[in-house]
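Undergrad: Protein chains in written order, with the numbering used here: chain A, 1 to 218; chain B, 1 to 201.
It is worth saying that the hints were derived from the structure and are not from the lab. Every value quoted in this text rests on a predicted model; they were computed, and no experiment measured them. If a hint is listed, it holds; no wrong ones were tucked in.
Only pairs whose alpha carbons sit at most 30 Å apart, straight line, appear in this in silico DSSO-like list of lysine-lysine:
#1 B:Lys92 <-> A:Lys24
#2 A:Lys32 <-> B:Lys92
#3 B:Lys92 <-> A:Lys85
#4 B:Lys92 <-> A:Lys81
#5 A:Lys81 <-> B:Lys84
#6 A:Lys75 <-> B:Lys84
#7 A:Lys85 <-> B:Lys124
#8 B:Lys157 <-> A:Lys24
#9 A:Lys83 <-> B:Lys84
A few chain A residues that face chain B, going by a derived Cβ cut-off under 8 Å, partial list only:
#10 Leu21
#11 Lys24
#12 Ala29
#13 Gln31
#14 Lys32
#15 Leu36
#16 Glu109
#17 Ala141
#18 Gly145
#19 Lys147
#20 Thr148
#21 Val152
#22 Ala153
#23 Gly156
#24 Pro184
C-beta: ideal position from N, C-alpha, C; glycine also.
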Amino acid sequence: MRCGGYIPDGDSLFRQSVFPLAFKGPRYAHQKLLKLDYDEGSRSLLGSLTWGRYVPTTEFIHRYGCRLAFHMNEKSRAAGKFKEKDRRVYCGAYELKGKAIRALATSDELDEVLSADVVHHVEEGEIAHTDLRIVLKPGSANIEGTKTAIVVALWGGCSGPLRHKCDCDRGMAEHPSSSLTTAPAGDYSDTRSYWLRLWCIVRFQICNWLWQKNFWHP
Amino acid sequence: MLNYPVSIYRQAMVILDSSSKPSEASVAPYETVHVQLSATGFMGEMPTETLILATFSSVPVIWESELRQQEYQELGAALGEMTKLEEGDEWKIDPPVYNAACYVAAGLMVHSFPAPRIFNHGTKSVVFNWSYGADNMYLTISADHISALISSPERIKRRVEYSLNELTDPSTALQSVRTFLKKPVQRLASGAVTDPTEFVG
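Please put together the full structure from these sequences, using the hints given.
TA: Written out as structure tokens, the structure is:
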């Protein structure tokens with residue numbers, strides 16, 4: 001049994017949608033599915049996703065999302081910048097496969113992409129966190145146009161949403177999760193058999209225990 | 001007790017595109033129609049013929065460009081607000097991006113294109129977005145580049161890059177928008193916009 005390592009093409013990756021970051025006003029904006037930052041040194045566009053191996057059920061996916069929004073609000077409070085109207089609210093997640101990310105490097109419409117991969121990288125105590133890393137060819141000048149193309153291409157491979165209301169947001173009169181739109185690949189469907197799902201949960205629990213006890217360092 | 005209105009102002013409107021010619025006859029801005037109120041609703045006792053006549057006997061005629069102008073003023077205001085946001089705000093854009101976006105927006109408005117939706121990837125770009133059926137068009141505008149992208153829900157259909165030089169005359173980029181929106185070719189008015197920020201700001 002392996003805990004970390006290479007993320008297989010068939011594995012699910014999830015992108016948590018947080019209000020108001022992925023929204024334009026009250027409406028979900030799929031164009032803001034991902035936040036891509038450019039690292040000039042490595043000529044890479046970097047983003048974040050979560051690996052299905054460490055969020056093995058819908059419940060884990062949503063727990064991650066609720067923690068994400070909570071920590072964003074806490075950081076904002078600590079910096080003295082918190083405003084109630086900008087409070088982060090986790091709304092749900094979209095799924096895409098590892099294969100869809102690696103396909104960016106061979107896409108006819110993304111000539112400037114040298115390689116595209118997703119790598120397991122624990123961040124801020126989150127074992128499910130992965131780095132999306134898209135390396136551009138030397139001489140790629142129009143980074144912003146490339147960001148649009150990547151987001152559009154990845155949105156095309158998304159399924160979902162898996163909508164959710166965190167406990168802390170249940171009192172909201174109009175929860176923004178209702179505005180999440182169905183992704184081009186349709187509704188998310190967990191096609192794993194009962195036994196495979198059980199195995200995924202057991203594997204997650206063992207790996208998580210090994211990591212917590214410092215027996216395994218991802 | 002409810003206060004029902006005693007008269008209703010019905011506002012129909014004719015919108016002319018740039019190839020149309022407005023009627024010579026003057027038109028009243030609206031017409032007042034008195035209706036009898038019933039317990040079940042306002043219009044129940046009004047004959048259909050009266051409704052139609054009242055609606056279409058006198059309608060204001062406005063140019064499509066006037067409507068567009070309002071949309072673009074809102075767009076300009078939104079872009080202006082994006083430059084004033086605090087550092088670290090997701091929607092903040094840099095002033096050079098604002099200038100480039102205003103320049104392109106002015107060109108779009110001059111040619112009566114529908115105002116786009118906007119979003120950004122950070123401070124270095126603004127993206128103009130239109131939908132046409134299930135397809136989308138994106139113009140990604142940074143301080144020194146424009147790129148056009150047309151996509152269906154499943155895939156990217158086409159991408160075109162425009163360089164800094166083409167920003168001085170955005171008519172090439174506008175051609176992409178025109179093709180996407182299947183708009184008839186109109187006479188280009190290059191050079192008509194001297195200060196685009198005044199136009200849309």
